[in-house]
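With chain A held as given, fit chain B onto it using these hints.
Those protein sequence lines, which keep their order, are chains A and B.
Sequential numbering of the first sequence, starting at 30, is according to my numbering.
Sequential numbering of the second sequence, starting at 30, is according to my numbering.
Treat the hints as calculated values from the structure; they're not laboratory data.
Note that the coordinates shown come from a computational prediction; the quantities given were computed from them, not determined experimentally.
There could be a bad hint or two in this list.
Note: identical chains are not told apart, hence a pair may lie in one copy or across any two.
Unchecked claim - Here are the simulated DSSO-like cross-link-like pairs (lysine-lysine), alpha carbons at most 27 Å apart as the crow flies:
1. K223 to K172
2. K172 to K224
3. K223 to K122
4. K46 to K117
5. K46 to K224
6. K46 to K161
7. K147 to K223
8. K161 to K71
9. K147 to K224
10. K161 to K223
Number of protein chains: 2
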Amino acid sequence: MEGNLQIVLASASPRRKELLTQMAISYRILPSSADEIIEDRKPEQVVQRLSRLKATDVSDKLQQQGENNFLVIGADTVVSYQGRIMGKPGSEKEACDMLSCLQGNTHQVYTGVTLCIKIGKNELDWHTFYEKTDVSMYPMTEKEIQDYVATGEPMDKAGAYAIQGLCAVYIQRISGDYNNVVGLPVGRLYQELKKLGFMPEAVSLAECGKEIQS
Amino acid sequence: MEGNLQIVLASASPRRKELLTQMAISYRILPSSADEIIEDRKPEQVVQRLSRLKATDVSDKLQQQGENNFLVIGADTVVSYQGRIMGKPGSEKEACDMLSCLQGNTHQVYTGVTLCIKIGKNELDWHTFYEKTDVSMYPMTEKEIQDYVATGEPMDKAGAYAIQGLCAVYIQRISGDYNNVVGLPVGRLYQELKKLGFMPEAVSLAECGKEIQS
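Chain A with its partners taken away, still in its complex shape:
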């Protein structure tokens, strides 16, 4: 890993934090305050644009603080079903509505990631990519949907479900990266960082991940 380069996660999501920790890299968290407004019609454009907005917001903050050696990771996740893009539900009713669409069908989960790198006096270096995962859900009864929404779990999740949570019992199969559905495509991210030369020692895996308290 680069000497004094700090890795900064531009997200307050506990899921992303957990996944980055799993990658065994040291990082700190500086949540973006960029608005998450969905304007584009194509989900891959939405998530890439929002991930870039988040990374921009945080790299601006860092530069204002006089930092000049960082790698910011911005990420955004949406669910897409038959042309409809689903972010986080605004109400329990909306959560039930989203799950009624998704149950018994196959939908797509898109996560966009932007890496914004600043090394010394060099200009900012930008890399944006996305991953898509197909998710097939078993049919759910109306009561199952209501009971699940009543747990509160869906309320801060794109598409109103957590594949890694209580919704696991309703997931039939996926095609793609599982962690992409959770919120961060860990495999692809690691490979991109490796390509960029930020994983020269194949990660000090033995040290395991640790989050720097900030």
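Structure of chain B alone, referenced to chain A:
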């Protein structure tokens, strides 16, 4: 859920325990002492037979204890790559060897599950099924393999890796149930239990899962 029916997990695996807890059902653990000897040539036969052996061992124990109201869950997982069946590695060398085969390629993970049900004076009722998941790994360098094996994580895992652990960075994509790779096909298991009438109230999800201390 049936009144006094106790659900018993015939496995000491912390991963299976965690997954069953995620299903929000109450259960206790009684590990099987059946030998895990791989005799069959087809992976789906191996895992189904071993899951049945485990469930048999534990249901025998329960009956000897005078229990007559139980549902035992036995499970077994293997990795299969080009006709070679991989269980847990016997040594670090074998772990490196397994990972050298799997890296850069697509392999299959099979988990067999047996449900053994005893309700009052009725005879034992058996249900066995399996799930298959395809897993594609990114290429790994020799150093990456050695570093990963040095973490110790691979040593008690079929195929010498944990998809939910530090190996996540090397997973490109999967097709099938993710939890099947971890060790228990949570979605399928829930659907089977539902079919058998053991989930009549769509799970008291709101109560969340709890393990009964045994």
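Checked hints:
For a Cα distance limit of 27 Å, the shortest separation of K223 from K172 across copies, 14 Å, qualifies, whereas the shortest one inside one copy, 46 Å, does not. In this assembly of identical chains, K172 and K224 lie within 27 Å of each other by CA distance solely across copies; the values are 16 Å between and 48 Å within a copy. In this assembly of identical chains, K223 and K122 lie within 27 Å of each other by CA distance solely across copies; the values are 26 Å between and 43 Å within a copy. Within a single copy, K46 and K117 get their C-alpha atoms as close as 18 Å, which meets the 27 Å cut-off; across copies the closest is 30 Å, which misses it.
For the homomeric pair K46 and K224, the shortest alpha-carbon distance inside one copy (22 Å) is at most 27 Å, but the shortest distance between copies (37 Å) is not. Only within a single protomer do K46 and K161 lie at most 27 Å apart by alpha-carbon distance; the minimum there is 20 Å, versus 30 Å between protomers. When the C-alpha separation of K147 and K223 is checked against a cutoff of 27 Å, the pair qualifies only within one copy, where the shortest distance is 17 Å, while the shortest distance between copies is 54 Å. Taking identical chains as interchangeable, the C-alpha atoms of K161 and K71 lie at most 27 Å apart only when both belong to the same chain, with a minimum of 12 Å there against 32 Å between chains.
Taking the shortest alpha-carbon separations for K147 and K224, only the intra-copy value of 16 Å comes in at or below 27 Å, while the best inter-copy value is 56 Å. In this assembly of identical chains, the alpha carbons of K161 and K223 lie at most 27 Å apart only when taken from the same copy (21 Å versus 31 Å across copies).
The structure fails none of the hints (numbered hints given earlier).
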